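**Student:** Let the sequences and hints guide you as you build the complete structure.
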Amino acid sequence: MYNTMGIIFTGGKNNRLKELSAERSISAVPFGGKYRAIDFALSNMINSGIRNVGIPTQYNFHSLMDHLGSGKEWDLDRKNDGLFILTPYLSEYGTGWYKGNADAMYKNLTFLNRSNEEFVVINQGYAIYNMNYIDILKQHVDKDADVTIACRHMNDFPKEYLCALGIIEADRDKRITDIQEKPLNPKSHFASMGVYIIKRKLLITLLEECAAHGYYEFVRDILVKKVNELRIYNYEFTGYWKPLCNIQLYYQTNMELLNPSVRYELFMKNGNIFTKVKDESPAKYNEEAIVRNAIIADGCIIEGLVENSILFRGVNVQRGAVINNSIVMQNSIICENTSLDYCILDKNVVITPNKQLRGDKNWPLIVGKNVVV
Amino acid sequence: MTKDIIALILAGGTGTRLGILTKLLAKPAVLYGGKYRIIDFTLSNCINSGIDTVGVLTQYRPLQLNNHIGIGKPWDMDRMNGGVTILSPFTKQFKGEWYSGTADAVYQNMHYINEQKPQYVIILSGDHVYKMNYSMMLDFHKKNNADLTISTIEIPLEEAHRYGIIHATDEGKIYGFEEKPQEPKSNLASMGVYIFNMDVLKESLVADRSIEGSSHDFGKNIIPKLLKDGKSLWAYTFSGYWRDVGTIQAFYESNMDLIARVPQFNLFDPNWKIYTPNPVKPAHYIGEFGYVSKSIIPEGCMIFGQVKNSIIFPGVTIEENASVEDSIIMSKSTVKSGSRINCTIVGEKTTLGQNVRTGMGDYAENIFNSKIYKTKIAMIGSNTIVPDNTTIGCNVVIDNGILPQDFPYTDIPSGYALLKGGDGNV
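Chains as they are written, first to last, in numbering that gives the first Met the number 0: chain A, 0 to 372; chain B, 0 to 425.
Simulated from the structure, these hints should not be mistaken for laboratory data. Misleading hints may appear alongside valid ones.
Cut-off 30 angstroms, straight-line C-alpha distance, at most; resulting in silico cross-link-like pairs (DSSO-like, lysine-lysine) [said to hold, decoys possible]:
id	chain 1	residue 1	chain 2	residue 2
1	B	K307	B	K130
2	B	K94	A	K275
3	B	K219	B	K116
4	B	K224	B	K293
5	B	K172	B	K94
6	A	K277	B	K72
7	B	K184	B	K307
8	A	K368	B	K272
9	A	K368	A	K98
10	A	K277	B	K280
11	A	K225	A	K200
12	A	K275	B	K272
13	B	K307	B	K280
14	B	K272	B	K116
15	B	K130	B	K141
16	A	K354	B	K348
17	B	K375	A	K277
18	B	K184	A	K71
19	A	K173	A	K224
20	B	K2	A	K277
21	B	K280	B	K224
22	A	K277	B	K224
23	B	K224	A	K275
24	B	K280	A	K71
25	A	K71	B	K130
26	B	K280	A	K360
27	B	K227	B	K201
28	B	K172	B	K91
29	B	K94	A	K71
30	B	K230	B	K280
31	B	K72	A	K71
32	A	K277	B	K272
Please read all numbers here as calculations on a predicted model, not as lab measurements.
**Tutor:** Pasting the structure below:
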């Protein structure tokens, strides 16, 4: 067991997830019937034995904080260490908005200084994967690396989305020789997963140096600039990993949960994924229900037809309603004789009777939170 | 801070009439309704009624129950002041004794009650399924300046001989009480829910302690005595779903009540949630050829076959071409492909092999115990493995922990019992 703490980034300001991230941080976007995206990053840390986790966040973090609470569900309500949500603050040195992720860590140097773990795992709250960090830590120590970056061959990833990632070049010894952050023309599909291992003391030194130069991005201003100076290694991860970069990927990744091998890898193989509990009653199927190839969460009442879809907690599907290829979030109501195809319904949406909503496979129709159609 | 009211839940019930369901755990810990254990209803009623100080009196096989309750987190009872406390029997300086009756159990924990200094104590049973706001009963108790208020429910007269029967005026003043009468004259039954004034409770328990031959039971001894002494006893009328799921038939029927289109007992009420430890499992999955109708399915299940009129618990797998009908399948069990499960209660972590048939044939009297096992329902225990191609009849009992080599034939006739010796500890 390595003496490790964690930092989870929750994503900057962007509207790539459209209405879904309009009112919430990208890491707080609901996923897979009962989760929020950050549950994966956080549970991975728990399953790797990490008990001290800091989460810097600044955009629309209300729902994230509501979700994480005191960290009870992740067993992080500890007397020592536990969960720390690091929001921006005002101080005499100017306004506290985080200018970038290095700046976010720098502004919370007290948290890093006060912790006493030897290593830090940094990861991103918007990627869906189940990974135990023990192996990468082991390699990090074995290679005597300064930084180790988890990387993955993104063969299963649409080429046009590669430019949202960092592309890595490495030598035979796995030492990274070049990092291209979000390149327009990616040279390969070997990409960084945004998971970094670094010694806490080194991280503090690098952050101080970075801030002294007036820089604020961890990858652009530290890793890329020091790619020759620091011993940066890659660790190849071969499991399932999907970042929720845009709506298409969000939709596809949800739908991939219908695949048993993906479900097995994400939820059963390496450890549990923890999330906030809602104390819903089990789902109830009435006589007319026809459900095929679907994920249904607790608290649903189903009287209609549901196929190739994901229903979150407390969804009500009334008689004669037909739901195909869709994602329906918490407490939405699909009234009688309504049909949905390729739709994403946010929380508390009501689709009144006899409506027909239809999106496209590559452009699912999104209905925002609390909307009555 | 002292509390106005605290609750004591009697959870030592052996639940003998539930057969193998309670062989290894106390009745309040028996699984119910796709996710819950029976005691969840009483505990949730407490917290929903604003009672946050609860003592749970255990005695019979308390391991699961203790694990389940823990520090009371799911019920929001992990409190600095109050919260849930497990009260198990203990040895005293000069002797040790078990709880010999409901009243004795409370008497032996008088020190717990004294410490909390409540004005009122509500005594509850951990084996009932119902949703009730105890604060309304407390208001009734206070309004009538009662010494003891008993919660009552109207039941069919023909079942009245199984209950404590209450005779009361229209306003609710009790003037008569009969415990399990042969010829009941009223259909107002006691639910085993009592609100006592603290001093009355203390006095009557101490007095009962010294009565020779008393069975130290609230229904048999304490209430008749209080009535005789001219204390002010009131009957609070509860109307709603209430079941003592004491027999296999009652347990089965009450579970099945939940799958009606509009169930009499609504678990979907956001204002009266029933809490329980939540399984850390993903939402359930229904396969491409899966079919589910009129059933309850919780998280962590994978349904590739057919499920009809059934209650399924978390983590159950129903393989392709398997069908489950009119059955209850408890947590983490597997029904393998080609099996047909009919009218069966299957325990936790049990595997039913390929092409197993259950609930086949006609009813036959159970060879082991025809008083407990007298329904069509086949009972299969927990941690049991039923080998492939086994056929099981009606009213069959297959004990907890039975392995394939224990099966004498591949065709188990109706009424057969396959039991495991020993005390169930190993």
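**Student:** Take the hints in turn and mark each one as holding or not.
**Tutor:** Structure-based check of all given hints:
| no. | hint | result |
| --- | --- | --- |
| 1 | B:K307 to B:K130 | holds (27 angstroms) |
| 2 | B:K94 to A:K275 | violated (47 angstroms) |
| 3 | B:K219 to B:K116 | holds (27 angstroms) |
| 4 | B:K224 to B:K293 | violated (49 angstroms) |
| 5 | B:K172 to B:K94 | violated (41 angstroms) |
| 6 | A:K277 to B:K72 | holds (13 angstroms) |
| 7 | B:K184 to B:K307 | violated (42 angstroms) |
| 8 | A:K368 to B:K272 | holds (24 angstroms) |
| 9 | A:K368 to A:K98 | holds (29 angstroms) |
| 10 | A:K277 to B:K280 | holds (13 angstroms) |
| 11 | A:K225 to A:K200 | holds (17 angstroms) |
| 12 | A:K275 to B:K272 | holds (16 angstroms) |
| 13 | B:K307 to B:K280 | holds (23 angstroms) |
| 14 | B:K272 to B:K116 | holds (29 angstroms) |
| 15 | B:K130 to B:K141 | holds (21 angstroms) |
| 16 | A:K354 to B:K348 | violated (44 angstroms) |
| 17 | B:K375 to A:K277 | violated (37 angstroms) |
| 18 | B:K184 to A:K71 | violated (53 angstroms) |
| 19 | A:K173 to A:K224 | holds (18 angstroms) |
| 20 | B:K2 to A:K277 | holds (29 angstroms) |
| 21 | B:K280 to B:K224 | violated (51 angstroms) |
| 22 | A:K277 to B:K224 | violated (46 angstroms) |
| 23 | B:K224 to A:K275 | violated (50 angstroms) |
| 24 | B:K280 to A:K71 | holds (16 angstroms) |
| 25 | A:K71 to B:K130 | holds (27 angstroms) |
| 26 | B:K280 to A:K360 | holds (29 angstroms) |
| 27 | B:K227 to B:K201 | holds (17 angstroms) |
| 28 | B:K172 to B:K91 | violated (40 angstroms) |
| 29 | B:K94 to A:K71 | violated (42 angstroms) |
| 30 | B:K230 to B:K280 | violated (53 angstroms) |
| 31 | B:K72 to A:K71 | holds (10 angstroms) |
| 32 | A:K277 to B:K272 | holds (10 angstroms) |
In this structure, the hints that do not hold are numbers 2, 4, 5, 7, 16, 17, 18, 21, 22, 23, 28, 29, 30, in rising order.
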